[in-house]
Each structure stands twice: as structure tokens, then as C-alpha cells.
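Student: Here is what each chain is made of, one letter per residue.
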Amino acid sequence: MDLVVQIMFGVTGLLILGAALMVVSVRNIIHAALWLIACFFGIAMLYLLLHAEFLAIVQVLLYIGAVAVLVLFAVMLTRQIDDPDEPVLFQRWRSTLLIAVLLFAAVLVPTIYTHDWQTFTDPQPTFAGPRELGFAFMNAYLLPFQIAAVLLLAALVGAIIIAMEDQEQRRVRVLTLAEEVALRREREPSPPARSAHPQPTSSSTTPPPVPPAHEQAGEGA
Amino acid sequence: MASTSPPLPNARPSPRDLLREQLATVLPHALVTLPDDLPDLIRTADVVVHADALPEVVQFVIDHLGYGLLSDLAAVDYVEHGLFELVYRFYSIGGGGDLVIKVRVPRDQPDVPSLMAILPAAMLHEREAYDLFGIRFIGHPNLRRIYMWDEFEGFPMRKDFPKQGDNYIGEGA
Amino acid sequence: MYDVVDFILNTQLGLNSPDWVVMLISHLIVVAILFAIAPVQVLFLTYYERRAIARMQDRVGPNRVGYEGLLQPIADGVKMFTKEDIVPVSADQRVHLLAPIVTAAPVMYMFAVLPWGPNMIAVDLPTGLLFFFAISSISTVGLLMAGWASNNKFALLGAMRAVAQVVSYEIPALLSLLFAVMLTGSMSLMAIVEAQSGLFISTTDVPNIPDLGLGWFVFTPVGFLAFVCFFIAALAEGERTPFDIPEADSEIVAGYMTEYSGMKFALFYLAQYILNFLLCAITATIFFGGWQGPGIAWLVSQSLSADNPAGNPVYNVLAGMLGTFYLLAKTYAFFFVMVALRGAFPRLRIDQLMNFGWKFLIPLTMINILSAALWIAITRWGTAQGFGIIEFAGEPSNLVRWLIAFAVTLVINVAAYWFLARLNIQDHVARQAALAAGGLAVSPPRSA
Amino acid sequence: MSNDTLTHSLTFTEAPAALTVVVDPTPQIARGSAVVVERRRPKAAGWSLLQGLGVVVDHWRKSFRKLDDTTQIAGTFTTEYPEERLPLPEAYRNMPILLFDDATGHELCTSCFQCQRICPPQVIHMTQAKDPDTGKPVPAVSEFIIEYDACMSCGFCAEVCPFDAIKMDHNFELSTADHSSLTVHKTDLLRPISYYQSIAPTFWAEAEASAYKKLETNKKRRPATIGIAPQMLAQLKAAHELRDDQQEATMPTTAVASAPAPATSSAAPPARSAALAASASDLPTDKAARLAAIRARNEAKAAVQAAPATASAAPAASDGGDLPTDKAARLAAIRARNEAKKAAEQAAAAEAAPTLATPDMPPTDVQPAASEQAAPPAPTVPDASLDEKAARLAAIRARNEAKKADEQTAAAGAAPTLATPDVPPTDVPPATSEQAAPPAPAVPDAPLDEKAARLAAIRARNAAKKAAQAEGE
Amino acid sequence: MITTDELQINIGPQHPSTHGVFRMLITVDGETVVNLEPVFGYLHRNHEQLAEVNTYLQNMPYTDRLDYFNSMANNHAYALAVEKLAGIEVPERAEYIRVLMVELTRILNHAGAVGFMINDMGAWQTPLAFGIREREKILDLFELVSGARMMCNYFRFGGVVRDLPDDFIPRLKKLMVAMPAYIDELERLLRENEILLARSEGIGILPREVAVSYGVTGPVLRGSGIAYDIRKAEPYSIYDRFDFDVPVGSVGDVYDRFLVRIEEMRQSRRILEQIIEQLPDASGGHINPKARQNVRPPVGDAYARIESPKGELGFYLVSDGSTKPYRYKVRAPSFINLTPLGDMCRGYKVADIVVILGSIDIVMGEVDR
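Residue numbers (this note's numbering), protein chains in the order written: chain A, 228 to 448; chain B, 252 to 424; chain C, 14 to 461; chain D, 87 to 559; chain E, 122 to 490.
With the rest of the complex left out, here is chain A:
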């Protein structure tokens, strides 16, 4: 049984590493996003190996179903998806690599040293079930949980601000024909040259030719 788990862990690890490498190395950013999804999927498998079913499912639901899809969504809307002229690695990649490795080591080395490698404890089935996670969030990790929530809220507000168009620069939305006619009616309640006509329903209130579709805000006032 252990051997099977080990093999599966190895395969999953390879998948995660390979996918992560592809994320940073492929040219096409859509492909990068798709590799990212593969990477997330591998992590979900890792959770499963740890008997953390709930976490695995949440990982799939949130990271693949929501985060990755949103990333894809955003990426697809960008203009340049695949530019063969752009080098994959930018110029100072060596120093960047060095910094990355150092940072990674700064996290990993203490972990390796502090971890007790000798004992392999099979985690309990209820290691990370919904109940345990709920208790953990509401007790031990309440503060981080709240901070994360505030952070998300801030992100939400930021997104709205970014998405909101600038009031000054904003284009007035396109007027429909009915709006245009109503606007014209407001501006000139009764056409003076045609006041001889008793019926407002007559065809005499023929409009001037259709104005351009876009009206600037300044003009509208």
C-alpha cells in the first residue's frame, strides 16, 4: 500500500513540477494558463494522497473552477497572446534566478532541518475535513482568516475601481433612436417653422438626418 502511495506521490510531484516549469517557459500565455491548471490539479491530487478530500475538492472548485478560469478569461481578453519575437527569458534572468533560488532556499532549508524525517504518520481521515477546517478558522487562525477576508475585500474594491471608467474620459453610451428623438423633442419643444400644423402626429416633424452614433458627453449637455 505504501509503495503505491509513494509511486503516486512521485508521479504527482513530477506532474506538478513539470507543469510549473511549463507555466514559466511556454511562449503562449494561454498555454501557460492551461499548464497552471494542470499544476493546480496536481496539487489537488497531493491533498487526496494526504486524505484531505475536502481540501482537494475545494482546491479543484476554487483554483480550477474559479481562479484559473478567471485567469484564462483575463488572459484571453488581452491583445497579445503569442508573440514569437519576445524572448522567453528576459535579459537579467540570471540574477532573477539567483534571487528566486535564494528565497526558495530561505523557506525550504529551515523546514528541512526542523522536520522530523524519521516518523511517517498516516494522517487521520478527519485530518482536514470541513468540521476541522471550520474549527481551525474560527479558533486558532481567526486573525489570519479575517485579514485574508479584508484583503479580498480590498481586492474587490480595487477591481471595481479599475473597471470603472474615468468620468472625464468616459464615452456616453450609444443613444438609441428613441432616446435621440426624445432628446431632440426636449431641445426643441415645438419647431417654429412648422407651427402651422395643427397635428403633432403629423409627419411634419421629420427629423434632420441621423446624427453620428457617438455623442460626446460635452456635446450632450
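Read the hints as simulated data drawn from the structure, not as lab findings. Note that the structure is a prediction, hence the values are computed from the model and not measured. Here a beta-carbon is modelled for each residue, glycine too, at the ideal position from N, C-alpha and C. Wrong hints could be hidden among the right ones.
[Stated by the list, open to error] DSS-like cross-link-like pairs, simulated, lysine-lysine; straight-line CA separation at most 30 Å:
| hint | chain 1 | residue 1 | chain 2 | residue 2 |
| --- | --- | --- | --- | --- |
| 1 | E | K294 | D | K148 |
| 2 | E | K470 | C | K166 |
| 3 | E | K445 | B | K414 |
| 4 | D | K222 | D | K305 |
| 5 | D | K323 | D | K272 |
| 6 | D | K148 | E | K295 |
| 7 | B | K353 | E | K445 |
| 8 | D | K306 | D | K323 |
| 9 | D | K272 | D | K216 |
| 10 | E | K445 | E | K205 |
| 11 | B | K410 | E | K205 |
| 12 | D | K222 | D | K299 |
| 13 | D | K216 | D | K305 |
| 14 | D | K299 | D | K323 |
| 15 | D | K323 | D | K222 |
| 16 | E | K205 | B | K414 |
| 17 | E | K294 | D | K152 |
| 18 | D | K300 | D | K216 |
| 19 | C | K92 | C | K166 |
| 20 | D | K152 | E | K295 |
| 21 | D | K272 | D | K305 |
| 22 | B | K353 | E | K205 |
| 23 | B | K410 | B | K353 |
| 24 | D | K216 | D | K323 |
| 25 | B | K410 | E | K445 |
| 26 | C | K96 | C | K166 |
| 27 | B | K414 | B | K353 |
| 28 | D | K299 | D | K272 |
| 29 | D | K306 | D | K222 |
| 30 | E | K470 | C | K372 |
| 31 | D | K300 | D | K323 |
| 32 | D | K216 | D | K306 |
| 33 | D | K222 | D | K300 |
[Stated by the list, open to error] Pulled a few chain D residues facing chain E out of the computed Cβ check, cut under 10 Å:
| hint | residue |
| --- | --- |
| 34 | A116 |
| 35 | G118 |
| 36 | G132 |
| 37 | A177 |
| 38 | Q200 |
| 39 | P206 |
| 40 | S239 |
Given chain A, work out where chains B, C, D and E should sit, using these hints.
Tutor: This is chains B, C, D and E only, laid out in the frame that chain A set:
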């Protein structure tokens, strides 16, 4: 919109006479007086106006006679007489018969002022007449071919357009 | 299945097989059955839909291939297989190929947690309900891939619409299902089904109710509102009329499937129908008792299980058959409703769909969660749990508690529905008044 | 305004008084009013959706009954086409066909070019026949081509034809993979009159008299074999061979290929007419009439049994392969009948059924003299033979028998009710007996005697039916 | 900050909901239509020039192919034009038969138009199937009288091809029973349907003030609230003998056009009832004037128009005294009603334009001619 009001049209003078009478007083320069000895084919009882005065006449017809519905615009090629005739047909929403305004332009210089500034209804009519007869409507914002493809050469409804053969097809074909 | 295999191998044949062999065999059998039967009967679903909708339109529908056209789906399948597989030149070839797979594979996983009958479930995950929706969300990635890889404006537009719609409507879908999790305290679909025994009143609320397998959640106000909300959300998730916007043929041709042909197209089609089937099945499972029905309880009590080693395995099979029959009957009934909806209604516009989802459905499901909490508080809790209001007049019986809960939640839910509907209709009324007044349809531009 | 040429500006304030004539542009509506359509609002949220759903489900529920009642709006109205077919109205027009006389094979077309001239897409092409001896044009057509692929089925050709020679076919199953086969030549266009009569009986009844009259005039102006349908020519030839060796007489292949299409559509009428005749003959109480009917039916049955299945399935084709002698016999019979009719008209018989009277029908009281009168035109048929005479004799005899029965019926003072419950009146084409005629004698390898017998049987049946009808009245 | 680009999308010429080979070149900002330009000509066959080389009668079957939904109405307009040009009288009974056919045509056209419009909104064929069911019954009647279901070619100068068969009126009466039931059911299915309301109310408004200046006619104009119906405004044939109302809309949106069409079906049925009542016997004159195959009108021009189901259908004919028209011009309602399409669609969503197009009810055979 009561149902009781009597039908109007028949009690009045015919729209054609009305128009001729009114134009004679208001826009006398617009009317074309046709010679009496015209060939049968191009003799007409309808009001013929000068091409230049057309927008004025139409504006007058819409505003003061109430004929605001541009129903039809037919171009006719009288090739033997060297002219194009444009038949503008107006109706009144109030009912009754048509009011016809005819414009005659020489075949070699078929320029007519566009009605687009007055009536958007003229848009497709004028494009059609341009496409099939080559009548140029001065002031039309989008005077392009409508049925034939853009590369097409010639105007297929003209009487002198070859009825057979394929050499008239433009380069694009 | 484990019990039956165990019975055959160890008790009847006396092989004394180890535990894992029994488990492996039983799982393999289940998987084989699922994969052999499920897609085929989903294939049959297309025939069912076409016949039903034809009947609604005074037509006959496909009736040429086989008896009354029963082999029509097979013929369609053969046609799909033999069609040329066209990949646009400018498409992203690999992603184009992967997209239908990514779309179709996850929906097959969803069968894993669907309970077909008493003890008939491939994997009884403790988080089955969540698994169901988590796995289905992978399909959206496939849709995006398809839309993007086709390199077609209509396909991309369709994919965008599909994803926006599915992501938006997952929220009301899950929120409306939350009540079941709250009521049963479990996300296992099996547990949810088992909680729905009884007769109009669930045995979990009033334990001494006779068990006819009819204690469905839909009979409670909470369950009913949740059912309505969930079914609407399921229509949107399954891209069914009136929410079939991603493949609105009159607008964007076929949406993300525009550039697909042959078997790849069939895979999308299959995925969609499997998803629809599963959504109907999950509706039946959560609100209409799944395999619950009259007679099941008795059959289960007679059958062989760990608790009842003296039972007869024939009853296991019978219970399974009856349960499957109940589930399928309910599922097909819901599918019929889907078909009738498709026959009756036009489709909404994408912005109207979003408005409806965010402004009407989500608030409604939120209120429903409140109702569900009240339901639990009234029927289950007492002073011990810090909710003694219900016990002010002594010790009410379970039935009285149930009745009070019914009345309270009914009032809350009806009020919520009425209020939200009125809000939406007010919008409509104002618009119509404006239209009637002067033809100015919409308010003048904001900046003017 | 963009035109710079406009120089004159209007100042309407100075307009003369005449300008006050401004047309009131409110629409004037007589005999009715303008009603503003009501924009309803849903009564309650979601209610109208349920209502719509109810309509659809209601249709689903009702769709399990199969209907053809057009007053209903719910139910299955589907006609499952290859198996079931809607009855085509007589006026139905598909592609044009040419007609020729069943009996003699004379084409009705005189090559007057009317159809060619009127044809809007100009798909009709014809060549006028010339007398081989003199080289002068004769009123017949030597080649007639219709491009079916470009024909727009407007029906003008049939409408303008003064000789009723071109008619619109009812066969719409023309799809083919062979495009060139849609340029149809005269041989394939020709159909016997009886075929057209079977698809449009009343139309033909209207046209028949003048058409035959014009045909007679034209025939006189045509030399020998010109203007005879090619399939009939082939038949004539085949008949000659047959006379040499009856056993080897087979249907000419050209004729088989010529008119395969109408086979199925015209297969039905004879059977139906037989059944009708049978059912009609069940009605009279008079024994003699019934006996005659039964005998006729039995004979007809025998004849049908004698006919090979293939031949009876393709009556039009076998029509082409008809034996000349048999043709002649039939022609003689028709002639006789016509003569008899004339005689009958002169005699102003009281028993003639006026309501159903059609030129086709032999009147109920055929004078014995009439059949003798019938004899003179017979020799005009070139190939008249002894066998044929025998057939004619048999026919006359049978008819006489029937007539006797009929007379008895009349004498018995039959019930004057028109009610024939088995037979809806509209379903009885007046010319059913005529329709019955073509397929039965069409069996090519049946001996001549048998032919004659069958012919007699048919005549007898007709007469019996007449009797029944007369009695019904 | 985040800016969006305008995008050009071609809807058509091969698109499920352009009602034929019709292209709309739309410029969209997001999903909002900024500009729309209709592109025609994919079905152009120079119908008008074809007519100049044909005789007057030969043109009759070609008019069937203009608006192939309403061949009877096309026949009527053309026959009226030639009769006006050549001064031909029409017998009483023939007039009644003509009006009968055209009103049946109106019902079948509107049944189809409403169905197709709802189809464009995304209904899966059901309203259309119901409409087609009724249309089939009417087409059966057409086949009975004319011999063809769609390309009827039934009218002749001075009459019609042939008189009504005996079983026509009984069958028509049966249909008259089904028709109100069909219309009521359609209303029950759709009229208050909230989805339909959401999709059609306030969409594609053609305001009353400008409707006339765009030259639109028919249900589009009446939907905008102007009670202009040629049958009332300039009665032709025998329309002055019938009582019927002119339904008009109040707003001018898609919903109004939908309602106007439904109400017009009711009014047409009313006319049919009166026709059945008043239909004279055949003594009023021979209704098929076979002699008029070669019409040779005097020199001059004539324009005749009818209220076709789609709007004003007119034929302008110029005669030079020969058997062929010197000029033959079709004033096609489908074509002219497309004039305001670009302006009507401006400011609405992409999904709305197919609905707006559907509410105009075009047939490409007539648009492109």
C-alpha cells in the same frame, strides 16, 4: 382616431392638380414646362420639376401638403430620348392617392440632389437607383452599390447595358 | 455491491478472499456498469428529448430508425463517427483537440457520487455534494479552451458567455443546496437521500412517521424554494432554454462548438447531455428523495447487509432495481420539464440572465438559508442548544415543532419571493409606464 | 442641406392664401377604427410562464391522437410521406406532360407553338412534323422537349394549349442524380389520356368534348403514322409480331422504359373502381342486377388473377405495351359507346342519370341499334381482326345483358334514395369504369380471347354499376 | 484605465437568423451595437430587368418568387398594376376571390412572421411550429385552387385562373374554426410571457415621430402607432366593403409589432367571414379571361399598390405600347422596411438585433429581387 370621420381623399382636387397649382404660386421656378410635341412615351401629365429644386419641392410637399411618406422612387431610362426620369411618389398618412413628382435628368450627366437630408426614407431608394441606373445623388452619405458587388462595372438596368455575354463583369469576378 | 460480492465470494463460494479483493471486484463491477450503461442511456436522452419536443409541437419526431426510431441515437452516433474531423487552419491544434476531452471527462466523474439505490453508489464520499460541483467546474475550462482554440469570434463569445453564466449560476446552485447539508449535517449524497424517508414529513424531523420513502425535502417550504432556485440554476448550468445563451444559435451560431465537427462535436454534445441528466438526477436526489419511494424501506430491511447477515441477497437486488427505477423515473420526469421549458420559452439575453441570477436568485437562496437555519432551530434545537424560544410552552412534540417550522418558513419564503419578484416587476412597470407615456424608453444619458 | 445649388429660400410667412390647404395627416379610417393593441402585464411573477408551459404540455398530451380534422389545433397532423400520401387536388401542377389518345395513340399536340411562346423560362422546344411525302408541315409534333430542370411549374403551357394536349402532371418525385435526364423528350412526356383522366377527372371532363373534336379534325390532316405516340407505334409493331407468334409476344422494352413514373399513382384507381362498382352493386335489391354485378366481378377477378403482378403494377407501362388488337377492341367499344350515347341522347331516354352524366358514361339504355351503329367506325382501325371482332361481340353481348338487368331494375321501380353509405359521393369519380379499363387489358401475354372476355367483363361491370346507380336514383 | 475597443462582426450572410443570405456588418462596443450596416445583394437576380424581356403575363409567375411567403399578394399587386395600365375590369366574384386569397396570405404570413421572430429570440421552434401548422392548412387551400402551395400564380389580368372548387368553402369554414383557437393559444403561450416581455419591450423602438420619414409601411409603421393601412387609406379592389379595424401599437417596439401582427390575423379572419357571407355566385362574369394572354396596354405608366402582409407592395409599370413592359419596378416592402434597421438597432445588444430584424419580417427574395 375616431371611426366616424368621413374619408377625405375624394372630395378634394387630385393631389397632382393641387401640387401644380401650389407650386405655380410658391415655387414657380421649380416647375418644368414640357413642350407639347413630346413623343408619346415621355409625355406625362405629372408634375415635372427641375432637379435642382427637388429638395425644396419635397420639403414643401411634406410640410404644407402633408405628403410625408416617400413610398417609391423609380428610375426610368428613356434611352432614345436621352434622359432618365425619376418618379418620386409620395403619400399622405391621411389617406388618398399618390402625389408624383418627376425629375428628368440628361443621361450623360445624371446628377440629382439627394433627399437624405430631408427624408431618411430615400436612403435605400437612392442607393438602388444608383446601383442599377448610375444616377448620382449629390449629398447621399453612403452612395455605394447595393445589389451588385462593388467591383461591378456598368449599370445593369440601363437600356443600353448588354443583355448577353459576360464581358461586362468587372475585374473582381 | 460490496455486501453482495462479499456474500457470493466468501459465503457462497467460500473463497475467503481478502477485503481488498472484494472491494476491487465490487468497484470494478460498479464502474463497468456505470460506464457501459450511463452514456448509452444518456444517448437515449437525446431521442427522448426529440420525441417529447416533437410531440409538443404537434409533430412526430424521429421514428424511422428502428422501432419508433429507438435506434436514432445510434444512427446519430454512427454519423458523428464517420464525419470528417475539421480543424481550422488557424486554430490552436492541441488545445482544440484537448478541449472536448477536458469538457467531457469530468462529467463522467460525476457519476461516481450519484446514489442509484440503497447502498448503490460508486464512492460514498463524505463530501459528495461538493465533489459533484467541483468536478463539474472543470468542464468550464474545457469550454474556454474550445472557444479560444477555435480562433473564431462566435466561438470565443460563446465560451465567454458560457463561463460567465456557469460561474455565476454555480453560486445560487450551491447556496440552494446548502439547506440539505444543514438539515442532514452531511455532504454525502447517500446520507441526504437516507434522510428523506418518511411520509411527507421526514423521519429526521419526526422519527415516528411511517416510512414510505416519501419524506422528501421538497415538501417543506425550505426545500421547495430551494428546489425552484436550484432547478433554475441547473438550467443555466446545463445551458438549457431559457438560459441556452452560450449556444444561442440565432445570435452566435453554435457558440463554442461552432468550429467543431464529427466526434469532437459529439463529445461536447454528450458532455452536455450527461450534465443535464446528472443535474436532473441530483435534483431528484436532493429534493425528491432520490431512490426513496414506497417499498424501498421494506426491501432494505429484508436484504443482506452487515447489520442483517440473515437477509436474502435477492432483496438487495430487488431494492437496487426498485431504487434505480425510482431515481430514473424522477430524473426523466425532470428532464421532461426541461424539454417542456425548451419547447415553451424564448431565451433571455445575457445581461438579463446576469440580472436575474444576481439580483433575484442569489438573494432568494440567501433568505432560504436563513429559513433553513430557522427550520433546524425550531425542529431540533432546544434550550440545550441555546434556542429555547420554542420550548416556552413546555415540551412540544416533534410534530408540533414541525408544524411551527413549516408555518414560519412558509411565511418567510413566500414573503421573500413576493418581495423580490415585486422589486423586479416594479422595474418592469416603470419601464412600461415610461414607454406608454412618451416613447422615451430609457432614462436619458447619465452625463447629460 | 448639402446641395449648393439651392438658392431660393422659402419664406412661408408670405405664403398666399392657397397655402392654408394643409392636408390633415391623421389617418382616416372608414368602416372600422384604429385600435391600439393592449400591452398586457403579467398578473403575477411567474404565472405567465407556467401558463405557457401548460400550453406546451397540453399539446404533448393531445398529440397522441392522430387527426386530420382541420378545425383542431392540437394533435398529430403528420402524414408520414412515403407510406402515406396526401390526396393531391386536381388542380395540382407539377411538370407538364403531353397527352395522346389511349385508343389510337394519336397525340393531341398539333405543334401550334402556343406553349413555347408563353413559357416564361422558355424551356419548351418543339419541332413541327412534316409530311414525308410532300414536305409540308402537318398539325403534329415530331419532337417536343421540355427542360424539367428549369421549368418553374407555372402551368401557363397547359393553360394556353387550345388542344388540351399539354397538361400538368401530378408526379412530383422527380429527383434524380442524372441531370441530363431532366431534359425530357417527347417519348417520355407522352401519357395516355386515361392517365390524365385518372388524376384530374373533372378537369378532363370539361375539356374532353372539344379536345376529341379537335383531335378528330387534326387526325384527318395527318398522314399515316405521324402524330402517333412512339410507344404506340412500338406496340403496333409488337402486335404484328404477336400475331405471328403469340407465345413470344412481350412488352416492348422501350415502352416499359418510357413511362414508368405514373405507374404507382394510376395503379390505385382501377382497384378502387372495382371495389366501388362491387359495393355499389351490393345495394340494389333487384336480383338480376346483383347477379350481373357478381358475375362481372368474378370475371374481373379472374382477369386480374390472369394478369401477372408486374404488369398490373405498372398499368401505364403496360398500357404502352398494349396489344393492338385489344386496343382496337377497346376503341371499337368506345366508339360503340359514343354512338350509343348519341343514339341515347336522340332517344331522350328518361332513365339517363343526369346528375352523374359524363360524356364517358354509356347511358343506361343502350339501344340494340346503337351497337349496330357502332360497327361502321370500327373498320377505320387499320388492324382490326377477327379476334378483335370477337371481343367486340363479347363486349356488346355483355353490355346487352347488363342492359337487360338494368331495364328490369328500372321496371322494378327502384328506391329513389341517393344514399350509398359505403360510397361517399365525392369519392366516386364519374369515370371510374373508364379508369378500370386500361390496366386490365394491358396484360401483354394474355391470349386474345381472354382479352376479349375480360373486356366483356369490364363492360358488364360498368353496366352493372350503371344499373346500380340507376336503381339508386 | 481599462479601455475597450470597438469590434466589427459580420452577422451573415450565412447565419441562422438573417432570414436568408443577408449580412449585417455590426460595430460593437462590448455587446452594445454602435453601428449597423445592412449589406444586400446575395440573392439579387435582376428581377426587374427580367421582367422587361417578358410579356406582361409571363411576369406573373416571377412575382410569386419575390416574397415567396405571400405569392398571392404579389400576384394581386401586379395584376392591379397591369389592370390599371390597360384598363381591365375585374368581375365581382373574382374580386372577392382575390381578397379572400390575400387575406389568407396575410394570416399565413403573420403566423410565420411571429413564429420566426420568437425563434430568433431563442424559442425552440414551438411558436413557429404552431404557425407553420396553420400555414399548412392555408397552403392546402391554395393548392386546391391554384395547384401550387407557394408559387401560386393564381391571378390573371381581369380575374383569376379558375373558380373555387366545390370543397373550398367548406374547408375554409373548417379553418375559420381553428384560426381563433390558434391565435388565442399563441397569446396564452406568449403574450404575457415574461421572457418575451423582457426580450421585446422597449427593444428596437421606432418612435412615432420618425416612423413615416423612414418610409416604412405595414405592421412596422402601425406598430409605431400610425394607423396607416392602404386597405383603408386608399381602398383598392373591394376593401371598402368590409368592416375591419386597424391595429396600432403605442410605443413602436418589437412587442408592439408582435401584437399588431397577432391582431391583424384576427382582423383578416373578420374579413374572411364577411367574404364568405357576401361571396357572389359565378354569374358576375367569367373569372378566367383566357383571352387576355397578350395584354397590350396603351402608352403610359401606372403604379398600383396593395397592403401586402409586410407593407406597401407596389408595382410601377411603364408601357411603350408593346406586349412587354418598358419599365417594371417593384416597391418591395421588405426592402424599404430595412431603411431604419441601422438606426433601430443602435444602442441595443447584439442579441437584440436578430430580434429587431425578425420583427421587421423580411424575405430576402423581395429584398434583393
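Student: Which hints from the list above does the structure break, by number from lowest to highest?
Tutor: No numbers; nothing is violated.
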